[in-house]
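Undergrad: The residues making up each chain are set out below.
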Amino acid sequence: MSTRRFPSGSEYVEALQNPTLCFTDAELRSATLQVDKLGRPKPISGNFASVFSVQTVSGRRYAIKCFTRDIPDQEKRYRAVSEHLNTVPHRWKMGFDYQPSGIMVGGQRFPILRMEWVQAISLIRWIEDHLGDQAALLDLARRFAELAADLHRVGIAHGDLQHGNLLVAADGTLKLVDYDGMYVPALAGLPATERGHRHYQSPNRTGAEFGPELDRFSVWLIYLSLVTVALDPTLWQVLHERDGEHLLLTDEDFANMTASARVTALVGHQAVDIKRLATYVTDLASQPLPALPPLTPLPGVGLPSAAGAHTGPHPVAPSPAATSAGLPTWMSGHIPVPPPPPLVTFQDHQAALLLARLALLGLSLVVGLVVWLSGLPEVAALLGPLLGIGITRALYALRPEPRARKPIASRLEAVRRRTRKTLRIAAHAEKERDKIQMDNAKRADAHAKELQALKDRQRQNLGTYDRQTAQQLNPHDNQIQALVSRKSEDLRRALDELQREKVDAYLRRITLRAGSISGIGDTTVARLAVSGISTPADLVDFDYVSTGYQNPEIHLILANGSSVRVPGVGESRAASLVAWRNIHVQGALRQPNMPNALPAPQRNAIEARFSAEERVLKDRRAQVERGRQKGRSDLVRQQADALRQLTDRHSAAVQTAAQSLQNANQRLATVRAEHHSAVQEERALTRQIAAYRQISYGRYLRTVLIGR
Amino acid sequence: MPYTAEISRSNPTCFVFLVDQSASMSDPIGGEVPTSKASVVSDAINRLLTELSVKCAKEEGVRDYFHVAVVGYGHNNVGSAFGGALAGRDLVPLSQIADNPARVEERTKKIPDGAGGLVESTVRFPIWMDPVCNGGTPMRQALEYAHRLVDRWLGEHPACFPPIVLNLTDGEANDGDPTVPAAGICSLTSADGAVLLFNLHVSDAGGSPVTFPDTEAGLPDNYARTLFGMSSLLPSHMRSYTAQEGFTVSDSTRGFVYNADITSVVQFLDIGTRATDLR
Ligand SMILES: Nc1ncnc2c1ncn2[C@@H]1O[C@H](COP(=O)(O)OP(=O)(O)O)[C@@H](O)[C@H]1O
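In order, the protein sequence lines correspond to chains A and B.
Residues in the first sequence are numbered from 1 upward in steps of one, following this note's numbering.
Residues in the second sequence are numbered from 709 upward in steps of one, following this note's numbering.
Pulled out of the complex, with its shape left as it was, chain A reads as follows (with noise of 0.2 angstroms):
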């Protein structure tokens, strides 16, 4: 047993509002801590220590861990700690000191724990900020896997892994904090400190192993819970209560795995790796401790490159490649551009440039005299340009080079249409695809809503159910409590009888003199005489009798029961007496010669007259609990199969939802890829005609005018 009272957190609030005079450090004593609303240290507390937060001169941050409680050999535990995690090189490690005189409250010294300060947030809020987020949250169960293999490889179990212990620094690494249950093999032999968080922890602990199996159950359930959230973040919704200090399962689960909801939607999940680890973790639980297999992590979940690669369900999301019309950014610039076409001009075709140029001349010269001849105005003259342009415009249409060129600039027209049209039908798709997906997002609010409006009152309803119960055992709870308080009473008191005599005896021998109590001399002793005190045996207790003036009188309570006022014995010698006759009672009580139990038959006896009654008043509630227990039952099953159909027609409405997204996107990839193909046309076609911009009447005409 434990005797030495350790100061409370708030006492060490109070002392550390002083660090020059609490801290035998001297690093410490000039530090500064930090404070919090109302200016005092601020704390953060576990069940057995509370943690401060302390900044030295020089701008080092400290964890300074101040203990509650008395854990029987801490220093040896430590040390011990200490030397055996020097020989582990690993970054999840916490630095710590031990100063098993580090602080000083009310006058006596306690031991501190000086920490490295672990930058870090515990790992409940860590999935919650990283759910959806399947890389990172694989990540991170290989990373644990990697943790409770460095444990287990050098015989080190931490006793209780849980999220507060478990921070996740913000490069993603786990830091372990937290060492004092921990066991190294130096340590075997001793008790455990701890049990462990509830929500973690085998129902086949029993707190009393001490040894390197202690973490083997928390850690297949921190690996599963993590793989499982990575897996389908969905789960977090439907298992994990808000705010509670649990990942998945708690400890009702353990206690019962198959008639629990939450592991059958596990053990029942679509996800192979799910169902799997769950399936093993199920069957762990009724194992013995040391029975249970280190973690394996499952191969391929969480390497670093191919994390998610072929692991279960992946949402559908719309492929780089598809994002934006023409080449993807990622992809611009690296892709060769062919060498442009060589350039056409017009082929030197000497006679058809003669011919062209005889038939201008000659149309000029016709012209010239029909005009002349048939006396017509001068400005009918003009007809010659008019005509000359038909001519060598029909003439220039049947040049190869123009000739080629047409199919290609109608070629291009028509595919500039399709590649506006495309655009058009492309940007339609992607917003109805937006919309699906807003409407997916909102319909996952109103489901995670639904959900847990659905696990509140259940909640409610199962614990009034519970409730009842109780209500209706207290009265036969109330009723054994009185018959078992009863049952000591009457042993207590045979006992009593059986020592009083020779307590009686003992007292007896023993005779008040002048001095045996300070403050009592000749006179006091003289006058306790005449009242018939002059033994401890004589005199019982003291008492106060109202006189009705300001201070009541003391009356001196006698063995035979009666009482007496002694003049000159006021409250303080009174006081001195009783308690010079209860010294006297436990000498009496610590000689060899005294029974310290009751003979077994006369125990017996008084137990037996108690039994039968206390028979009939367990039975008797033992009836109502059975009753109360069908109800429960069938109450849990119906709220397990409320809640599968709730999550069923969720799914169902997610998968639905999901195929129209998937269908969605086909569209707009198809039509992405119609237009993508359209503009690699266009910029072919563009290419090719940029290969004639030579190739014009006017050039043409300039040729056939001036040979340039």
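Treat the hints as calculated values from the structure; they're not laboratory data.
In this text, all values refer to a predicted model and were calculated from it rather than measured experimentally.
Where hints are given, some of them may not hold.
Unchecked claim - Label pairs and their calculated CB-CB ranges:
#1 R797/B - T173/A: 40 to 46 angstroms
#2 K817/B - V540/A: 37 to 43 angstroms
#3 G561/A - V888/B: 26 to 32 angstroms
#4 Q602/A - S718/B: 50 to 56 angstroms
#5 N882/B - Q602/A: 45 to 51 angstroms
#6 P736/B - I557/A: 23 to 29 angstroms
#7 P736/B - A559/A: 31 to 37 angstroms
#8 S718/B - R420/A: 31 to 37 angstroms
#9 D133/A - R797/B: 30 to 36 angstroms
#10 R620/A - K817/B: 55 to 61 angstroms
#11 K817/B - Q602/A: 33 to 39 angstroms
#12 V540/A - R797/B: 44 to 50 angstroms
Said to hold, decoys possible - According to the in silico footprint, chain A covers these stretches of chain B (three or more CB under 8 angstroms from chain A):
#13 765 to 777
#14 829 to 840
Glycine included, each C-beta is placed from N, C-alpha and C at the ideal position.
With the hints as your guide, set chain B with the ligand onto chain A.
TA: Frame of chain A, contents of chain B with the ligand only:
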């Protein structure tokens, strides 16, 4: 198994403190510096509230593992005894209590310097209620008030760890027999067991302080015996904590303290990791 429910933010429980503020509380009780019973009691409340806040403090602040009421009775009426921003309120989530004391007092204290001497230093001490004393002692009414608060709480939180009602008094009730409403409170249950009624008896009747006794023998007067009799038996895990603190316990040990410190009730409550039974 009763008294094993988890205390958490998703399953909080409640504490109701009943504070005797009657005229008789102005009487001084012994000690080196005589203090009035009323200030002993208000001091105990301020310490209890501080202790609860520290126990539930986490990285991001104080968590609402408990909702707490401080109910005063005296001057022939019964009601909230909070001062400051919380005045008039019944059950208040712990985080709000932690953030809203009526004031923070700077107290000078002589504390040991470690070298055998004493040095004067100041400590900040949050105050939620000041000593008040006048009028009669409507303890019956106060217990009935607590009954209503707890009953309503249980309706909303049927599965919680059983609420604790802690009555701080000199025991001189003058509105009838308090044992009847006391039994009424103890007949309320959550799914996890019956409501716990504890009593802190602050008395000038002398005698030695008594912490969690298992018999009324040795109690100085009828007031103490009555309060002892109406106190709940300690549930087993609380008994083993009491034993670890060095007190003798049996299965008749009751949640009753006579002129002694009661802040240890806060240590009775397990949050998070559980200890092994070190006995
Ligand atoms: N070295 C540390 N750095 C930062 N925070 C810490 C450190 N050690 C503990 N803590 C925080 O303090 C809380 C309580 O400390 P812990 O050692 O777990 O106490 P207990 O043993 O009483 O549970 C932890 O959950 C963690 O958030």
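Undergrad: Next, verify each hint and record whether it holds.
TA: Hints versus structure:
| no. | hint | in the structure |
| --- | --- | --- |
| 1 | R797/B - T173/A: 40 to 46 angstroms | 45 angstroms, holds |
| 2 | K817/B - V540/A: 37 to 43 angstroms | 41 angstroms, holds |
| 3 | G561/A - V888/B: 26 to 32 angstroms | 31 angstroms, holds |
| 4 | Q602/A - S718/B: 50 to 56 angstroms | 52 angstroms, holds |
| 5 | N882/B - Q602/A: 45 to 51 angstroms | 46 angstroms, holds |
| 6 | P736/B - I557/A: 23 to 29 angstroms | 27 angstroms, holds |
| 7 | P736/B - A559/A: 31 to 37 angstroms | 34 angstroms, holds |
| 8 | S718/B - R420/A: 31 to 37 angstroms | 58 angstroms, violated |
| 9 | D133/A - R797/B: 30 to 36 angstroms | 42 angstroms, violated |
| 10 | R620/A - K817/B: 55 to 61 angstroms | 57 angstroms, holds |
| 11 | K817/B - Q602/A: 33 to 39 angstroms | 55 angstroms, violated |
| 12 | V540/A - R797/B: 44 to 50 angstroms | 49 angstroms, holds |
| 13 | 765 to 777 | holds (count 3) |
| 14 | 829 to 840 | holds (count 6) |
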